[in-house]
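A.B. asks: Model the full assembly from the supplied sequences, consistent with the hints where possible.
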Amino acid sequence: MYAQLVDTGVKRVKGLDEMSPEERNFQEKIDAEIKIEPKNWMPEAYRRTLIRQMSQHAHSEIVGMLPEKNWLTRAPNLKRKLQLLAKIQDEAGHGLYLYSAMETLGADRDEEVAKLHSGEVKYSSIFNYPTRSWADMGTVGWLVDGAAIVNQVVLQRTSYGPYSRAMIRICKEESFHQRQGYQILLHMMREGTEEQKAMVQDSINRFWWPALMMFGPHDGDSPNSAQSMQWKIKRMSNDDLRQRFIDQTIPQLELLGCTVPDPDLKWNEERGHYDFGEIDWSEFYSVLKGNGPCNRDRLRTRRNAIENGAWVREAARVHAEKHNKADVA
Amino acid sequence: MTEKQALFEYLLRLGDSDMILAQRLCELVGHAPALEEEMAIGNVALDLLGQARSWLEYAAELEDAGRDADALAFLRNEREYRNLLIVEQANGNFADTMARQYLFDAWHYYLLQALKTSADDRIAAIAAKGLKEVTYHLRRSSAWIKRLGDGTDESHEKMQAAIDEIWTYSGEMMVADEADQLLQAAGIAADLEQVKQQWQAHVAATLAEATLTQPADDSYMQTGGKQGYHTEQLGFLLAEMQYLPRAYPGATW
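Protein chains in written order, with my numbering: chain A, 127 to 455; chain B, 6 to 258.
Note that these hints are calculated values from the structure, not bench results.
Idealized CB from N, CA, C, for every residue including glycine.
Take these hints with a grain of salt, some might be off.
Ranges between beta-carbon positions, derived for each pair [as the list claims (entries may be wrong)]:
{"no.": "1", "chain 1": "B", "residue 1": "Glu237", "chain 2": "A", "residue 2": "Asp236", "range": "48 to 58 Å"}
{"no.": "2", "chain 1": "B", "residue 1": "Ala76", "chain 2": "A", "residue 2": "Leu381", "range": "28 to 38 Å"}
{"no.": "3", "chain 1": "B", "residue 1": "Glu237", "chain 2": "A", "residue 2": "Ala446", "range": "37 to 47 Å"}
{"no.": "4", "chain 1": "B", "residue 1": "Ala166", "chain 2": "A", "residue 2": "Arg429", "range": "41 to 51 Å"}
{"no.": "5", "chain 1": "A", "residue 1": "Thr319", "chain 2": "B", "residue 2": "Ala130", "range": "34 to 44 Å"}
{"no.": "6", "chain 1": "A", "residue 1": "Asn166", "chain 2": "B", "residue 2": "Glu159", "range": "39 to 49 Å"}
{"no.": "7", "chain 1": "B", "residue 1": "Ala76", "chain 2": "A", "residue 2": "Arg173", "range": "48 to 58 Å"}
C.D. replies: So this is what it looks like as structure tokens:
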């Protein structure tokens, strides 16, 4: 998802009988659905895993502003421009709450951002794809935010209190974004010219598979999932989330009158779910490793923003210092 | 010039200045020096865009020629745009962005304060709503002028250079032409002479506190934006902003 491969640093999941009294007490709380709060004892690996997951999630919100910003200055009318700007601003806000929630674990925002810039920590692979047409503003809202919501709705019940509360707030705004995205596409399909309809179909063709990749590898190839599930940092497996997303998205796709580029997609009466084709995992790992169409651009933009702003932040710090001193004197 | 023609001009000027400055701020999204500033830039741009829409909707209704606010924003060329020259200037570095913002905000604040009591009820209502937003814009941009002016040597130097550079576009905000005079006589438009005095006092106090030097009173002031004579920058800005409606005539989005 927004955090697709989070290393827990744990090789094997322990049973209750193998745990220290502190660990057992912690695990029992989790099993009883009692939220873990910043001042509670927690295993170091739980803390580190959460920092990694929340920082990846926050970075994804911030990097995720860039593909939308690509069309912000070219939005086609006042209403769409206002909507898109408000959406991007919400994402900056989500980044802020998530960084703040992460800081309750003793992490430092600047240090975590530095890890993003050095490539040590990732963000969602989806933001390494370019937004090539205005229709992508609809598709990103509908599919990308839609996929994010499927995951985040479940994360509202995640075991760490501040993360869970951040998710509740974020989900409300994301649902709104998703509807707006879908409206962009629906308008183009219903009221649009042939060129606009083709633009929508092309956009869905490009984003369909990358959106499915947002849920991360198959459960069997996701070595850290078991520990994250036991800690209830993760509440549903990657494959289950992906299936849920597909099942709820296909009827919306049909309403648009569009298709997805998957010849194997069909309703399976027996399973009560859609069957679908195999994801090209080599593309997923390649993009995650840094070899997607926009990886370099996205990171360069973020690094430049922070590096070019160093003198501004330094001036603000010096100014505050001078004036605090003056206040004391 | 009839009062209606003057009013149409006046509304375009208000709407266009908000629109063009919002567009410049949109260019900065994702490039702010800190995440908190990302939020602030987005906020200010959203406010300005909302105000632009209110002014242009009024202009479109008044004109009653089958054009709506979108047509006014996205289908007029640079000769037809009526924004102030100051807002079309490029973002530059953060000091340049804030110098442009501050000098405009201080003017915008006193202008809307005057328009709040306009004889035209609709203008008064848009101004009253906008004034709440612009009060925040001015507080934020004045604070940055002071932080950067009275921060480090580097920030002081950049802030001073930014003020010196943008100053030539500040005079136009206070120059009344025929449309202004006609509407001011009718109690509809702001008295720019009064706005000028308030603006000068605010700017003098802010620059002094920021340890910055105010450019000479007899500095050359460039004008023309209100009459549609723009700097070379505006054409490129509009080419980007108007790309979709121009490339797909008649399409709706």
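A.B. asks: Does each hint hold? Answer for all of them.
C.D. replies: A quick look at each hint next to the structure:
1. B:Glu237 to A:Asp236: 48 to 58 Å: The hint (48 to 58 Å, Cβ to Cβ) is violated, given that Glu237 (chain B) and Asp236 (chain A) are roughly 40 Å apart.
2. B:Ala76 to A:Leu381: 28 to 38 Å: Given range 28 to 38 Å: holds, Cβ gap about 31 Å.
3. B:Glu237 to A:Ala446: 37 to 47 Å: 39 Å, holds
4. B:Ala166 to A:Arg429: 41 to 51 Å: 25 Å, violated
5. A:Thr319 to B:Ala130: 34 to 44 Å: 38 Å, holds
6. A:Asn166 to B:Glu159: 39 to 49 Å: 45 Å, holds
7. B:Ala76 to A:Arg173: 48 to 58 Å: The hinted range 48 to 58 Å holds for Ala76 (chain B) and Arg173 (chain A), with Cβ atoms some 56 Å apart.
This entry does not satisfy hints 1, 4, going by the numbered hints stated previously.
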